[in-house]
Amino acid sequence: MARDDWGRAEVLAGQAGTVLRRAGIEESYATPLVSAVRARTALHRGDVPAARQQLINAQRLRHLLTYALPYFAVQARIELARVHLALADLAGARTLMREVDELLRRRPGLGNLAEQAQALRARLSKERGYSSSGASALTAAELRLLPLLSTHLSFPEIAEDMFLSRHTIKSQAKSIYRKLGTSTRSQAVTRSRELGLLEG
Amino acid sequence: MGQTVRFQETLRRLAIIDEGFVEDQAGLGLGLAGISALDPKTAALLHVGVSVALGSPAVCLEWSTGRALAAGASEDEIADVLLAIAPVAGLGRVVAAAPEVATALGYDIEAALEEPDDH
Numbered sequence: 001m002a003r004d005d006w007g008r009a010e011v012l013a014g015q016a017g018t019v020l021r022r023a024g025i026e027e028s029y030a031t032p033l034v035s036a037v038r039a040r041t042a043l044h045r046g047d048v049p050a051a052r053q054q055l056i057n058a059q060r061l062r063h064l065l066t067y068a069l070p071y072f073a074v075q076a077r078i079e080l081a082r083v084h085l086a087l088a089d090l091a092g093a094r095t096l097m098r099e100v101d102e103l104l105r106r107r108p109g110l111g112n113l114a115e116q117a118q119a120l121r122a123r124l125s126k127e128r129g130y131s132s133s134g135a136s137a138l139t140a141a142e143l144r145l146l147p148l149l150s151t152h153l154s155f156p157e158i159a160e161d162m163f164l165s166r167h168t169i170k171s172q173a174k175s176i177y178r179k180l181g182t183s184t185r186s187q188a189v190t191r192s193r194e195l196g197l198l199e200g
Numbered sequence: 201m202g203q204t205v206r207f208q209e210t211l212r213r214l215a216i217i218d219e220g221f222v223e224d225q226a227g228l229g230l231g232l233a234g235i236s237a238l239d240p241k242t243a244a245l246l247h248v249g250v251s252v253a254l255g256s257p258a259v260c261l262e263w264s265t266g267r268a269l270a271a272g273a274s275e276d277e278i279a280d281v282l283l284a285i286a287p288v289a290g291l292g293r294v295v296a297a298a299p300e301v302a303t304a305l306g307y308d309i310e311a312a313l314e315e316p317d318d319h
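Top to bottom, those sequences are chains X and S.
Here our numbering is used: the first residue of the first sequence is 1, the next is one more, and so on.
Here our numbering is used: the first residue of the second sequence is 201, the next is one more, and so on.
Derived by calculation from the structure, the hints in this document are not laboratory data.
Certain hints may be false.
[Stated by the list, open to error] Restraint ranges, calculated between C-beta atoms of paired labels, are given here:
# : chain 1 : residue 1 : chain 2 : residue 2 : range
1 : X       : Arg-3     : S       : Leu-283   : 14 to 22 Å
2 : S       : Ser-236   : X       : Ala-88    : 34 to 42 Å
3 : S       : Asp-276   : X       : Glu-115   : 48 to 56 Å
4 : S       : Pro-316   : X       : Gly-134   : 31 to 39 Å
5 : S       : Gly-292   : X       : Glu-115   : 25 to 33 Å
6 : X       : Glu-115   : S       : Arg-206   : 52 to 60 Å
[Unchecked claim] To list a few chain X residues with every Cβ distance to chain S over 12 Å, as calculated:
#  : residue
7  : Trp-6
8  : Thr-18
9  : Gly-24
10 : His-44
11 : Asp-47
12 : Gln-53
13 : Gly-92
14 : Ala-93
15 : Asn-112
16 : Gly-129
17 : Tyr-130
18 : His-152
19 : Ala-159
20 : Met-162
21 : Ile-176
22 : Glu-194
[What the hints assert, rightly or not] Partner residues are not named here, just some residues of chain X that face chain S (Cβ under 10 Å, in silico):
#  : residue
23 : Arg-8
24 : Gln-15
25 : Asp-101
26 : Arg-107
27 : Leu-110
28 : Arg-128
29 : Ala-173
Nothing here was measured: the structure is a model prediction, and the numbers come from that model.
Note that CB positions come from ideal geometry on N, CA and C, so glycine has one too.
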């Protein structure tokens, strides 16, 4: 993509997807980066619905990409943020940029990725607009919580499982409901399934 | 039954500050882009500051902080709003708001205080 060879990028992303599928690891940490490339190439050929679908695929698994895998984690988020920006989804792009910044704080020595992040940060800081926070602005922490909302676990039990305070879980749940335009736990789960953020 | 469901739905949506619902049903314009002389980020930071100064409930603080982030404010800028308003709003207001603002920034102060390190 950096060489402006979009056809080649699409072929390579397709091959990567095939490798993941054959290995039975489609639901892995590698998927968000592949989906990000596919989203960018789809956008380049003007296929916005396909780009949005790839963003959802990446979003569903993004929480797997933590600072334990810093290169994957940062690169995937930078590519995804570029797609959100191209789609004029500032809230989504800014959410990803904040996660990139947090990752770089913990893992600063990522070479060229830090420069790419800096360029993206500068570009985002010039954007004066505001788009209200929808599903694309769900944070990695909220995406991590989402599957647990579909279980029978209470908020205190979830908090214990995730080593977080009950207050944080409650606050994250409210934020999820707000971003999904729902007002109950079951509505949030249903909406997440409709969006493809949770398995049906 | 219908009435019961409606009032419950109304209260739930108010309790989480469902923006669409509040705008449509309570007639409150929550948009940040319509303020001509202030850019959305500045307006959103002001919302945070005023929410803190008024002693607003936790959900308001979390909501306004989330909007400031969405408008492009950084975590440092938001934390500095608390410092900036402390002399006029009072230390008590700022201290009370800090954990709620932190939660909206993805920082669990309660959990962090239990940790042996400073993360």
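Cross-check of the supplied hints:
no. : hint                               : result
1   : X/Arg-3 to S/Leu-283: 14 to 22 Å   : violated, 46 Å
2   : S/Ser-236 to X/Ala-88: 34 to 42 Å  : violated, 21 Å
3   : S/Asp-276 to X/Glu-115: 48 to 56 Å : violated, 21 Å
4   : S/Pro-316 to X/Gly-134: 31 to 39 Å : holds, 38 Å
5   : S/Gly-292 to X/Glu-115: 25 to 33 Å : violated, 44 Å
6   : X/Glu-115 to S/Arg-206: 52 to 60 Å : holds, 54 Å
7   : Trp-6                              : holds, 29 Å
8   : Thr-18                             : holds, 35 Å
9   : Gly-24                             : holds, 32 Å
10  : His-44                             : holds, 26 Å
11  : Asp-47                             : holds, 27 Å
12  : Gln-53                             : holds, 23 Å
13  : Gly-92                             : violated, 9 Å
14  : Ala-93                             : violated, 10 Å
15  : Asn-112                            : holds, 23 Å
16  : Gly-129                            : violated, 7 Å
17  : Tyr-130                            : violated, 4 Å
18  : His-152                            : holds, 21 Å
19  : Ala-159                            : violated, 9 Å
20  : Met-162                            : violated, 10 Å
21  : Ile-176                            : violated, 9 Å
22  : Glu-194                            : holds, 17 Å
23  : Arg-8                              : violated, 34 Å
24  : Gln-15                             : violated, 35 Å
25  : Asp-101                            : holds, 8 Å
26  : Arg-107                            : violated, 13 Å
27  : Leu-110                            : violated, 19 Å
28  : Arg-128                            : holds, 5 Å
29  : Ala-173                            : holds, 9 Å
Checked against the numbered hints above, the structure violates hints 1, 2, 3, 5, 13, 14, 16, 17, 19, 20, 21, 23, 24, 26, 27; every other hint is satisfied.
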